[in-house]
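Just need the whole structure built from these sequences, with the hints factored in.
Chains A and B, in that order, are what the protein sequence lines are.
Letter by letter, the first sequence follows residues 0 to 79 of numbering that gives the first Met the number 0.
Letter by letter, the second sequence follows residues 0 to 353 of numbering that gives the first Met the number 0.
These aren't lab readings, by the way, just hints derived from the structure by calculation.
Misleading hints may appear alongside valid ones.
Selected chain B positions facing chain A (Cβ under 10 Å, derived; list incomplete) [claimed, not checked]:
| hint | residue |
| --- | --- |
| 1 | Leu-38 |
| 2 | Lys-40 |
| 3 | Asn-237 |
Predicted, not measured: the structure shown is a model, and the values here were computed from it.
Heads up, the beta-carbon is just placed ideally off N, CA and C, and yes, glycines get one too.
Given next are the chains, with one letter for each unit.
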Amino acid sequence: MNIKDFIRKIEEEFEDLQPNSLEASDVLKDKFTWDSINALIFLAHVNVEYDVEITADELVQSETVEDLYNLVHSKYQIKA
Amino acid sequence: MAIFSVPDIRLAGISACVPEAEFHNKDYDWISEKERETLIKTIGVEKKRHAEKGTTTADLCYDASEELINQLGWDKKDIDLLLFVSQSRDYIIPATSGLLQHRLALPKSCMAMDVSLGCSGYIYGLSMIGSLMTTGKIKKGLLLTGDISTLNTSYKDKSAFPLFGDAGTATALEFQKGASSLHFNLQTDGGGYDAIIIPDGGIRNFADKDTSFDYEMISEGIHRNKFNIALDGIKVFNFSLREVKPNVNTLLGATDRSSESIDYFVFHQANKLMNETIRKQLKLPPEKVPYSLAEYGNTSSASIPLTMVTELKEALKGGSHSSCLSGFGVGLSWGSVILNTEKLVVPELLVHKK
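Here's what the structure looks like:
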């Protein structure tokens, strides 16, 4: 996995987001409503896409898109 | 491992009953219109049924049972077993199953008991009733499952209120030599007991007038007291995404079945996002996975039989089908069954009028 694909897939997953609107350095809360429902949508997405499980605490600690990528990527690597 | 088969048990019929009053989530004014739209789309619950105060799960199960027994043409004298699976009993004591035995005018030779399980309750209930009947001493049994969850849910809790609906169901089983086996895989992880919990009112936290009733703000949009259902959405979500797929796959493996050979996969109706994720994990085509969620919400242990009644009635009444049923949630408790049905008696969905 790489961050470019990761971001593109998130843009597809969330209707609020336009294609090519998200950058690695973006703060999640600034880009869309980063609430509990969207958190669940994200959990479901990474589960199906990368077979990775993320806890609530880990999500809360992720501030930017890159943080999310690093979180998913680290778990993905352990699995692989 | 609790993987086992129960031979010589035939499913004879399934019926379900819901209260009359509907609640439409589009009218849920505790949250903004935009949030409401996202919520409805994500959880997949457009409306659900709410019981009036004073209507109990037993009332719904009673209606479902009467109609089912009537359509089956069963003699009540022959029913020797009644199992009531619910977490919304009529009284703290005694058990509700006894009240139902009496009200249904079942004989005193009938054994009756309550089992406290929710989302997994239908599968567990089938396993218990099947196991008790498989020796052939008990010829006919009734499994009653369901819950009234809306009474314990805080309107000001957006994480729980829009999800739950009320329903009660009845399933009739009979001993029949040579009937194809029911195959089970049942699991538990009590470490997650607090993922779905009503904290007060039991013996651990006895009802207290100073602390049980006060509404607390847990987070934005989530206010509840200690008699309300508290849901840890992410915990339940991760649990379900982690456990359901291997549970189903292990059962398929143990019974030497492929998912292609199963006609229907009926899952506990938790919420659309979770159920669809599980469906995709198991690579099941949408036409094999029916939903009653949009119309009736999450109805706890009633959700699987309710879905069979509302979505599969015609198919199940007709020919013979193999189904995999899977329930998962509160406990944490989960399990699946693979079974065959042939020409089930399935009455129209009943509506309970107070």
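Checked hints:
The beta carbon of Leu-38/B is positioned within 10 Å of a beta carbon in chain A (closest approach about 6 Å), and the interface hint is therefore held. Taking 10 Å as the C-beta cut-off, the interface hint given for Lys-40/B holds, the closest approach to chain A being about 9 Å. Nearest Cβ of chain A to the Cβ of Asn-237/B: about 5 Å, under the 10 Å cut. The hint holds.
Checked against the numbered hints given earlier, this structure breaks none of them.
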